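Chemist: Model the full assembly from the supplied sequences, consistent with the hints where possible.
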Amino acid sequence: MLEQRISRRTFLKGSLVAGALATFGGRLVPLGQAEAAEAAAPAASQVIPTICEMCGVKCGILAHVREGRVWRLTGNPKDSQSNGRLCARGNAGTKTLYDPDRLKQPMKRVGEGKFQPISWEQAFKEIGAKLQELKGRYGPQTLVWLAHPELIAPLEKHFMAAFGSPNYTGHGPTCYSSRNVAFEQMYGGVPGVDYRNVKYYIALGRNLTGGIKNPDIQKIVAAKAEGAHLVAVDPRLSDFAFFADEWLPIRPGTDLALVLGMINVIINENLYDAAFVAERTVGFEELKAGVATYTPEWAAKITGIDATTITRIARELAAAKPAAAIDPGWHAVTGSQYYNSVQTARAVAALNALLGNLGAKGGLAFPPGIKFGDPSGIMGPKPPAAAGPRWDGAGSEKWPLIKAHGMIQIFPERVKEDKPYPIKAVVIQHLNPVRSSTDSGAFIEALKQLELVVAIDIQMNDTAYYAHYVLPEATYLERYDPLMTAGNKVVLRQPAVEPLFDTRGAEEIITGLAKAAGLSEYFNFTLEQYNDALLAPLGLTQAQLARIGVAEVEARKPDYTKLKTPSGKIELACQAFVKAGSTLTPAWEPPLVEPKGDEFRFIQGHVPMHTHTTTDNNAYLHAIMPENELWIHPGRAGKLGIKTGDMVEVASKVSKVKVKARVTEGIHPEAVFLAHGFGCVVPLRKLAYNKGANDSALIPIITAPISGAAAQCETLVTVRKAG
1 MLEQRISRRT FLKGSLVAGA LATFGGRLVP LGQAEAAEAA APAASQVIPT
51 ICEMCGVKCG ILAHVREGRV WRLTGNPKDS QSNGRLCARG NAGTKTLYDP
101 DRLKQPMKRV GEGKFQPISW EQAFKEIGAK LQELKGRYGP QTLVWLAHPE
151 LIAPLEKHFM AAFGSPNYTG HGPTCYSSRN VAFEQMYGGV PGVDYRNVKY
201 YIALGRNLTG GIKNPDIQKI VAAKAEGAHL VAVDPRLSDF AFFADEWLPI
251 RPGTDLALVL GMINVIINEN LYDAAFVAER TVGFEELKAG VATYTPEWAA
301 KITGIDATTI TRIARELAAA KPAAAIDPGW HAVTGSQYYN SVQTARAVAA
351 LNALLGNLGA KGGLAFPPGI KFGDPSGIMG PKPPAAAGPR WDGAGSEKWP
401 LIKAHGMIQI FPERVKEDKP YPIKAVVIQH LNPVRSSTDS GAFIEALKQL
451 ELVVAIDIQM NDTAYYAHYV LPEATYLERY DPLMTAGNKV VLRQPAVEPL
501 FDTRGAEEII TGLAKAAGLS EYFNFTLEQY NDALLAPLGL TQAQLARIGV
551 AEVEARKPDY TKLKTPSGKI ELACQAFVKA GSTLTPAWEP PLVEPKGDEF
601 RFIQGHVPMH THTTTDNNAY LHAIMPENEL WIHPGRAGKL GIKTGDMVEV
651 ASKVSKVKVK ARVTEGIHPE AVFLAHGFGC VVPLRKLAYN KGANDSALIP
701 IITAPISGAA AQCETLVTVR KAG
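Residue numbering for the sequence shown follows the UniProt record's numbering, starting at 1 and increasing by one per position.
Hints in this document: simulated from the structure, not taken from any laboratory.
Among the hints, erroneous ones may be present.
[What the hints assert, rightly or not] Capping the alpha-carbon separation at 27 Å, the derived lysine-lysine pairs in DSS-like fashion look like this: (1) K157 / K564; (2) K448 / K424; (3) K224 / K199; (4) K691 / K653; (5) K114 / K104; (6) K643 / K660; (7) K448 / K656; (8) K515 / K125; (9) K157 / K371; (10) K371 / K382; (11) K564 / K489; (12) K371 / K562; (13) K398 / K424; (14) K643 / K658; (15) K419 / K403; (16) K653 / K643; (17) K288 / K564; (18) K419 / K130; (19) K130 / K114; (20) K691 / K114; (21) K489 / K219; (22) K114 / K424; (23) K403 / K564; (24) K579 / K419.
[As the list claims (entries may be wrong)] If you anchor each label on the Cβ, the simulated ranges turn out as follows: (25) G227 / A722: 42 to 52 Å; (26) V110 / K157: 31 to 41 Å; (27) K157 / E121: 23 to 33 Å; (28) E521 / N690: 46 to 56 Å; (29) G645 / E246: 28 to 38 Å; (30) A722 / E121: 47 to 57 Å; (31) V47 / F501: 17 to 27 Å; (32) K721 / A385: 56 to 66 Å; (33) R66 / E599: 53 to 63 Å; (34) E451 / F501: 20 to 30 Å; (35) G388 / D502: 35 to 45 Å; (36) F501 / G111: 18 to 28 Å.
Every value quoted in this text rests on a predicted model; they were computed, and no experiment measured them.
Beta carbons: idealized from backbone N, C-alpha and C, even for Gly.
Modeler: Structural data, given as structure tokens:
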């Protein structure tokens, strides 16, 4: 068993947690300070409500504008996401708006690493002509659209439907695919945790206080202050593990065994909510039989967590029900990290069901529903049926459960294959797959093989660097977007200032591409008309919402008695998984690879001061954390002659990188850890250029069964002191 000998003081001396806590001074920026700063500002200052985009959460913010310049950003107290408070990234948004390295006009590639400015008219004309040519030669399915789904996603999908291609693909396989597949089949959707009221909470690898969700951080901090017990299960002492009451340094990739062992205890000791299980689930007897051999003693041998601890945690969790939860997760072990992630997510779903916590205070909850209007009436004729199957096979007989998520990581392989049809064009919107997917080198080679690569972004990222055309989107402080909802509130993104450069909102870019590609009849509407159509049943217009930013509306409460599953109940035994080639109930599957000899399991994750690869050139956030470091355990580091600050070479079967070492007891001896989002190789981004190492370069293309997730932590590496 791995002993927990590290103290908080020892860990803080050399960890990223120190930087994170310094960022907030131990807390988020309070509303009172923001109000005081505003009171001291000149009376001419305007306050414009809008939505942040420094991460995917999209908190409501107030942009404080003076003389046409955004001088401050604060949380909008009317918004249920920010609740008047912003994280470090939210506060740093002005440095993205005023980044001297951001894209300023459309660019056309004229050589390796060389671009020339062109007009929007030329860009649209040339791209549109090429799209029509490729469509004529190969069919519309030759076009793939890759995106980090943002508010503009409905219009991106409308473009692809109008073009006739089924190939719209998000980033889910590198983030949350396994979790979604498990909960969609067992619960009919993906619930969240009622963090504010939870009494006993377990996170499997989810770095909640170091992740992206400002509102969840606020709630879990408040819950802990009122006595909630927090347990972090993680191979490293993450920000959340440091914050939690207990840290269980589990062997990487074995969380599934831990959860199965806890289910065994809860069932065998009759600690589950019998009434809930009888009324609201199906398949209990099958689950009971399925976990019969998964004892705490069995799990202890696999996980490195002793059996008495597993039993105690299970009993304590059950005693706190229904205000108890094991987090469904996000990017972590239930999302996209391991070959067994979908089984882990299924086990987590089953354990929560035994607690009877769905819809209970402090348990799991679905968001309320807001009934928007149907905008299809203004969006032109019904698009034709998509031509052929999806490019990645999602939704096919082999991959029946993942149509919505796709498999972005196999893009390089699919471009090479040319089967069942050629892929010759790609549009990449608000995404950097060269550094956010797997095997960066393979992705670059795939881009080089295509006849048309179009990147839509606010910055020249590592993927845009290989595009034929780069179309600059206005930043979130310069544009409108489709509406978003947060609980029972509707929120509008609107510009705080006019675009500083020759940039455009995404809806303008998509419309321009559509018209140039011969799809005008599908895009004879404005974004305001689209938003007005959505708002019509609520008695609102975009113009009215723009004045207030956030509107509270009537919302439908979730019906927990009739879920969107075949039985209408939680399916502990799920035939959909059997049909997809898996087991009836959650079952043990080992990780795909195991480190041997001098190998380490390579794990990666996020930090609280950066979002993926989008913020590494932000001056404020770069100052807090300019580069990443390789976390390595002292015992292993000592044998390799490595000390903190040494440059080391980390090598996998697909690539190698050089990075500084951080020797710390806050990492399991079998693993090394590298924060995601660094290692930019685009010289046009001056702050980020060559800072730290790109974790994605090391990760081979591996696709997990059933969910199609990227299985990013099934990567073995060796480490040596760099010469």
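Chemist: Hint by hint, note whether the structure agrees.
Modeler: A quick look at each hint next to the structure:
| no. | hint | verdict |
| --- | --- | --- |
| 1 | K157 / K564 | 24 Å, holds |
| 2 | K448 / K424 | 10 Å, holds |
| 3 | K224 / K199 | 8 Å, holds |
| 4 | K691 / K653 | 23 Å, holds |
| 5 | K114 / K104 | 15 Å, holds |
| 6 | K643 / K660 | 9 Å, holds |
| 7 | K448 / K656 | 21 Å, holds |
| 8 | K515 / K125 | 9 Å, holds |
| 9 | K157 / K371 | 20 Å, holds |
| 10 | K371 / K382 | 22 Å, holds |
| 11 | K564 / K489 | 24 Å, holds |
| 12 | K371 / K562 | 19 Å, holds |
| 13 | K398 / K424 | 24 Å, holds |
| 14 | K643 / K658 | 15 Å, holds |
| 15 | K419 / K403 | 19 Å, holds |
| 16 | K653 / K643 | 25 Å, holds |
| 17 | K288 / K564 | 24 Å, holds |
| 18 | K419 / K130 | 21 Å, holds |
| 19 | K130 / K114 | 21 Å, holds |
| 20 | K691 / K114 | 22 Å, holds |
| 21 | K489 / K219 | 18 Å, holds |
| 22 | K114 / K424 | 22 Å, holds |
| 23 | K403 / K564 | 17 Å, holds |
| 24 | K579 / K419 | 25 Å, holds |
| 25 | G227 / A722: 42 to 52 Å | 48 Å, holds |
| 26 | V110 / K157: 31 to 41 Å | 32 Å, holds |
| 27 | K157 / E121: 23 to 33 Å | 26 Å, holds |
| 28 | E521 / N690: 46 to 56 Å | 48 Å, holds |
| 29 | G645 / E246: 28 to 38 Å | 31 Å, holds |
| 30 | A722 / E121: 47 to 57 Å | 49 Å, holds |
| 31 | V47 / F501: 17 to 27 Å | 24 Å, holds |
| 32 | K721 / A385: 56 to 66 Å | 58 Å, holds |
| 33 | R66 / E599: 53 to 63 Å | 56 Å, holds |
| 34 | E451 / F501: 20 to 30 Å | 29 Å, holds |
| 35 | G388 / D502: 35 to 45 Å | 37 Å, holds |
| 36 | F501 / G111: 18 to 28 Å | 23 Å, holds |
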